[in-house]
Amino acid sequence: MWQELRTELYPRLEIVTVALEARGGSAAGPWIEKAEPTHPALIDEAHVLATLGVINVPTGVWVDEDGTIVRPPETAYPRQPAFKDRAVPAEATPLQREAIELTRRLNVEAERYIAALRDWVERGAASRYALSPDEVVRRSRPRPLSEATAAAHFALAQHLHAAGEAPLATEHFKEAQRLHPSSWTYRRDAWAIAGPDHPAIYGTTWLDDVKREGAENYYPRLEL
Amino acid sequence: MIFRSARVSAAELERVTGWALKPEGLCRGERCVPFAPASRDGIDLADVARALGMPLVEEPRAGLWALGPEAGGKALETAALPDITLPDLAGRPFRFASLRGRKALIVAWASW
Chain A
10 MWQELRTELY PRLEIVTVAL EARGGSAAGP WIEKAEPTHP ALIDEAHVLA
60 TLGVINVPTG VWVDEDGTIV RPPETAYPRQ PAFKDRAVPA EATPLQREAI
110 ELTRRLNVEA ERYIAALRDW VERGAASRYA LSPDEVVRRS RPRPLSEATA
160 AAHFALAQHL HAAGEAPLAT EHFKEAQRLH PSSWTYRRDA WAIAGPDHPA
210 IYGTTWLDDV KREGAENYYP RLEL
Chain B
666 MIFRSARVSA AELERVTGWA LKPEGLCRGE RCVPFAPASR DGIDLADVAR
716 ALGMPLVEEP RAGLWALGPE AGGKALETAA LPDITLPDLA GRPFRFASLR
766 GRKALIVAWA SW
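Protein sequences, first through last, are from chains A and B.
The number in the numbering used here is simply the position in the first sequence, starting from 1, with 9 added.
The number in the numbering used here is simply the position in the second sequence, starting from 1, with 665 added.
Misleading hints may appear alongside valid ones.
As the list claims (entries may be wrong) - Straight-line Cα separation of at most 20 Å, EDC-like style, residue types lysine to aspartate or glutamate; simulated pairs:
#: 1; chain 1: A; residue 1: Lys183; chain 2: B; residue 2: Asp753
#: 2; chain 1: A; residue 1: Lys93; chain 2: A; residue 2: Asp218
#: 3; chain 1: A; residue 1: Lys93; chain 2: A; residue 2: Glu225
#: 4; chain 1: A; residue 1: Lys93; chain 2: A; residue 2: Glu131
#: 5; chain 1: A; residue 1: Lys220; chain 2: A; residue 2: Glu110
#: 6; chain 1: A; residue 1: Lys220; chain 2: A; residue 2: Glu120
#: 7; chain 1: B; residue 1: Lys739; chain 2: A; residue 2: Asp143
#: 8; chain 1: A; residue 1: Lys43; chain 2: B; residue 2: Asp753
#: 9; chain 1: B; residue 1: Lys739; chain 2: A; residue 2: Glu120
#: 10; chain 1: B; residue 1: Lys739; chain 2: A; residue 2: Asp218
#: 11; chain 1: A; residue 1: Lys183; chain 2: A; residue 2: Glu232
In case anyone wonders, no lab produced these hints; they're calculated from the structure.
Since this is a predicted model, take the numbers as computed values, not measurements.
Can you make the complete structure from the sequences, with help from the hints?
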């Protein structure tokens, strides 16, 4: 998804993709191989990037030449995703229709985001999209004890899952979700591991949660 | 940050967390927090957790402990990108610090 932009902007900009996948390369590998990236394509099994405030995907962080973050985590699409224009097939079930219509309502601002990114690549610190360190910290998510504890539970869950301890892992995935209910990454990765049984295990679905929390809140409006 | 014991060596603590035990306390980068191990036989993770404001979660059925990140402030306490190391598909480690000298966009994504 990002290779085209990387080809265009490198070496002025490097792109590093990080797959948040508790199942590691077995889940992310086929996607990475298909993309044939020439940029670093990394795998984050324990969701270490959550420590930066990443709670959903795709999320981008801008970093300048000195290693200073100039934009904290925010929704990052390189282009309009296919789901925004997806038609409802005639044979769609009511549930499928609802899911398609809901995803079309998600807030995606790819054009604005990439225009801002290009401006920063061109103008550097003079770009109005490059934030000061104080503003980066101000915009950064708070990290209460509950969310820090959730990170420990998620790391335990991922470790236990990799060790084949599925029931124990599920307990910790659930606890991470309970302690950090804003995190879509904790929810969705655990659901992906559980597979089709995840509604029975976790008591909810993506559709239910997005409806409850509001499609317009799934990707917050960019503060550019 | 996973551990297999509630008491660890200074070397293991530094390898897993990046916090090094020095005469002035626990240090990472230029930051030091006062700390003195209660025992010569190792460092209790519970003491580290208290000193650094990190949650410590125990899973006794698997003999595992997990330290979470520091709590109580912002996810980004400064705008400096933490020197996170993550592997690529082949298992080769990549350090974020190696991006120095060039603008970078770090993108989190997932297959799910």
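Right, here's what the structure says about each hint:
1. A:Lys183 <-> B:Asp753: violated, 28 Å
2. A:Lys93 <-> A:Asp218: holds, 19 Å
3. A:Lys93 <-> A:Glu225: holds, 13 Å
4. A:Lys93 <-> A:Glu131: violated, 29 Å
5. A:Lys220 <-> A:Glu110: holds, 11 Å
6. A:Lys220 <-> A:Glu120: violated, 26 Å
7. B:Lys739 <-> A:Asp143: holds, 12 Å
8. A:Lys43 <-> B:Asp753: Status holds; Cα separation ~15 Å.
9. B:Lys739 <-> A:Glu120: Roughly 29 Å separates the two Cα atoms, so the pair is violated.
10. B:Lys739 <-> A:Asp218: Not satisfied, since the Cα-Cα distance of roughly 26 Å exceeds 20 Å.
11. A:Lys183 <-> A:Glu232: The given pair, whose Cα atoms are some 31 Å apart, is violated under the 20 Å limit.
Consistency with the previously given hints fails for numbers 1, 4, 6, 9, 10, 11, ordered from lowest to highest.
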